[in-house]
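**Q** Now for the letters of each chain:
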Amino acid sequence: MRYRILLVGPLLVAAALAVALGAVDDPNQRRLLLRVEIELVKLLALAGCATAAVTFARGDYLRRAWALQALCYLLLLTRDATYLAQLRLGPRLLGIHLDYWHAALVLAGNAAAVLGSWRLARAGQIAGIHHPESRMRRRVVLGITIAVALAIAGPSLVIDLKAVLDGETGAVVPLASDVGDIISLCFIAPVMMTAIALRGGLLAWPWTLLTASMLGWLLYDGAHTLGHFVQFGPQRLRALGEVFRALACTYALGAGVAQRLVVRSSASSPAAPA
Amino acid sequence: MAEPRPLAETIAARIAVYLGPHTGRMAVKTFCERALGRGPDTLSRDDVPRLLAALRPMLRTLIGAAQCEAVIAQINRELER
Numbered sequence: 009m010r011y012r013i014l015l016v017g018p019l020l021v022a023a024a025l026a027v028a029l030g031a032v033d034d035p036n037q038r039r040l041l042l043r044v045e046i047e048l049v050k051l052l053a054l055a056g057c058a059t060a061a062v063t064f065a066r067g068d069y070l071r072r073a074w075a076l077q078a079l080c081y082l083l084l085l086t087r088d089a090t091y092l093a094q095l096r097l098g099p100r101l102l103g104i105h106l107d108y109w110h111a112a113l114v115l116a117g118n119a120a121a122v123l124g125s126w127r128l129a130r131a132g133q134i135a136g137i138h139h140p141e142s143r144m145r146r147r148v149v150l151g152i153t154i155a156v157a158l159a160i161a162g163p164s165l166v167i168d169l170k171a172v173l174d175g176e177t178g179a180v181v182p183l184a185s186d187v188g189d190i191i192s193l194c195f196i197a198p199v200m201m202t203a204i205a206l207r208g209g210l211l212a213w214p215w216t217l218l219t220a221s222m223l224g225w226l227l228y229d230g231a232h233t234l235g236h237f238v239q240f241g242p243q244r245l246r247a248l249g250e251v252f253r254a255l256a257c258t259y260a261l262g263a264g265v266a267q268r269l270v271v272r273s274s275a276s277s278p279a280a281p282a
Numbered sequence: 002m003a004e005p006r007p008l009a010e011t012i013a014a015r016i017a018v019y020l021g022p023h024t025g026r027m028a029v030k031t032f033c034e035r036a037l038g039r040g041p042d043t044l045s046r047d048d049v050p051r052l053l054a055a056l057r058p059m060l061r062t063l064i065g066a067a068q069c070e071a072v073i074a075q076i077n078r079e080l081e082r
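Sequence order for the protein chains is A and B. Sequential numbering of the first sequence, starting at 9, is according to this note's numbering. Sequential numbering of the second sequence, starting at 2, is according to this note's numbering.
Keep in mind that the hints were calculated from the coordinates and are not lab data. This list has only true hints and no planted wrong ones.
Pairwise CB distance ranges (calculated): (1) A:28 with B:50: 55 to 61 Å; (2) A:86 with B:70: 33 to 39 Å; (3) B:74 with A:39: 54 to 60 Å; (4) B:43 with A:20: 49 to 55 Å; (5) A:47 with B:81: 51 to 57 Å; (6) A:28 with B:36: 52 to 58 Å; (7) B:67 with A:240: 48 to 54 Å; (8) B:70 with A:9: 26 to 32 Å; (9) B:36 with A:119: 36 to 42 Å; (10) B:37 with A:28: 58 to 64 Å.
Please read all numbers here as calculations on a predicted model, not as lab measurements. Just so it is clear, CB atoms sit at the ideal spot from N, CA and C, and this is done for glycine as well.
If we strip away everything but chain A, and leave its shape as in the complex, we get (with noise of 0.2 Å):
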């Protein structure tokens, strides 16, 4: 019953902001109700990931995994900090203007979630277990994500990139951001691989909570890349952008708890039959 609340809480917590945003027209209401939920979900996807990284002992394979997840929502929001410190303290910040604090940050976040994603993409096969799809299914797979992932975010990198390569130095920050992502995407097909191979058992809520969130991001992603190439509207867009990164760090929420619930599961609960 826990794990299916981790699993329907999130499309709610989307829903709910889907109808708050068509229903606020006015523009500064509309941008606090932006501001006050992105800080949210990404506190929330903080503390789940958190939870996970602290429910393991140091050593354990997936503790590091889930604390560089932490750590990538805690230097976004030390990064969203900022933009508020600015504020009162003015552009500088210990001599150093706030634009290079930002890209630092999001530079050092985009790493830590590429590093933590991959130790998660990993686990399966570190564990060793075996998958019951043949070797030729989870490469056509992969290769389907891999496709996906460039389709989405290729275009912002090729925009970025471009930038770049015209002397705009502040696109540098984007541009890395759209090379985490795209590797980050990647490995949406190892994280639900192992989710299938373990459906059944406990530990499918979390690898399947992680790979929603994972998912969610790609959304997330893809209505950026969509305004590219459809007049959608900005503001229409923007909304639609922000229910995928609720979706997104609502379902990193639940999975860091569901990680928890499992670890934390009594040994002797009843065992299922072979």
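We have chain A already, so just place chain B on it with the hints.
**A** Relative to the frame of chain A, chain B by itself:
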């Protein structure tokens, strides 16, 4: 009176709580062959510690060292019954 469950089946059923029935069964088969050089049908009481030692890294990776030890202790309890 019901027949006692084969050893491999008892172990597979316990780890299947976490890994699911397919992966639980396959893990016992794979690690039996790897650690003992034969299939799970031939598993005897004396083989159990070696099989559980072979399963340990997998369980540690997925559920952490503490829970892994709790599961292995539970398996030993079930096999003693």
